[in-house]
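**Student:** Sequence:
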Amino acid sequence: MVEIIDAEIVINELQHKGIIHLTEENIDRKRGTTEGQVYILYGESTKKYVLKIDKPENISYTEKFLHTYEEIYLLPKIIFTDPNKKFILYTFIEGETHFNRGSKIQWMTCLARDFINNYKKCSEEEEWGRLGLPRRSWHEFNTYSVRGAYKNLNGILLEDDYMNVMRIVNELSKGEKEEEKHFLHGDTGIHNFVFRNEILRGVIDPSPIVGPVLYDFTYAFCSSPDDLETETLFEAFSHLNNVDIENSRLIMEVIVQMYTRIGVCAKVHPQDLEEYLVAWQYWKAKMQKCLF
502 MVEIIDAEIV
512 INELQHKGII
522 HLTEENIDRK
532 RGTTEGQVYI
542 LYGESTKKYV
552 LKIDKPENIS
562 YTEKFLHTYE
572 EIYLLPKIIF
582 TDPNKKFILY
592 TFIEGETHFN
602 RGSKIQWMTC
612 LARDFINNYK
622 KCSEEEEWGR
632 LGLPRRSWHE
642 FNTYSVRGAY
652 KNLNGILLED
662 DYMNVMRIVN
672 ELSKGEKEEE
682 KHFLHGDTGI
692 HNFVFRNEIL
702 RGVIDPSPIV
712 GPVLYDFTYA
722 FCSSPDDLET
732 ETLFEAFSHL
742 NNVDIENSRL
752 IMEVIVQMYT
762 RIGVCAKVHP
772 QDLEEYLVAW
782 QYWKAKMQKC
792 LF
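Just add 501 to wherever you are in the sequence shown, counting from 1, and you've got the working numbering.
Please keep in mind that the hints were generated in silico from the structure rather than gathered at the bench.
Just so you know, even glycine gets a beta-carbon here, dropped at the ideal spot from N, CA and C.
Computed Cβ-Cβ distance ranges for the label pairs, DEER-style:
#, residue 1, residue 2, range
1, Thr547, Lys678, 44 to 54 angstroms
2, Leu659, Thr547, 50 to 60 angstroms
3, Ile579, Ser624, 15 to 25 angstroms
4, Thr547, Asn742, 33 to 43 angstroms
5, Thr524, Glu571, 20 to 30 angstroms
6, Glu597, Cys791, 31 to 41 angstroms
7, Gly544, Glu625, 40 to 50 angstroms
8, Lys768, Ile528, 23 to 33 angstroms
9, Tyr645, Glu679, 15 to 25 angstroms
Derived DSSO-like pairs (lysine-lysine); straight-line CA-CA distance at most 30 angstroms:
#, residue 1, residue 2
10, Lys578, Lys682
11, Lys518, Lys587
12, Lys578, Lys548
13, Lys678, Lys787
14, Lys785, Lys682
15, Lys785, Lys768
16, Lys587, Lys549
17, Lys682, Lys622
18, Lys622, Lys578
Using the sequences and the hints given, assemble the complete structure.
**Tutor:** Here's what the structure looks like:
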């Protein structure tokens, strides 16, 4: 785990090099992972920076994603990366995550049109899955995700639900050879979306994945328990380029994503669980139509 003292050393180094100019001791420690921490630094003339201190591999993944998609206006811009990958400094996006986000159809449309549509293909040699945790296939990635959710859902969802979701995972794998690998953000949820005046202004904290474009789209759709109907899904999907699938396939993809999301919710966001369980009944009815 990175010690807090490291932040002071890093900040002093950045100021000494003239990379940033802070106004006194204006530093906010915002949040962190097991390995690292994130700080908001207040500079001159209302300027703000984000300093992320983390394991070198995680800094490398963040840098790679932000550099690959530096032309996307929704992403922060890299200011400086430590040569030893101990930290990265990038621009701060004004707004708030989670709340005051407006309607799902509005921000999903913006996400599809202005973010996901810019995704780039990976070479066939790239392995499926999260960077640093590759999988032999996308089917294996989905299988691990669903099994992980199942462990958190004991007594919450039925055993039959798990079995049926796994049947859908296996069904989806039949078209995997036609799937194109893209370099994805990997964590496109409302906790990583910055909103201002009920408009999507930024996407932060990538956890990159090599996978199909549809993953980040369905992940975003399922990341909040509101507006989880097919009307919202289909309208947002209509703005996604170069993904030509039937609605039935899209529904199956969402069912898998919904199941894994409820698993995460049960463990980390129990306050949303009741709403998700109501939504699950809606999608469970559609799952029955897919399977029987």
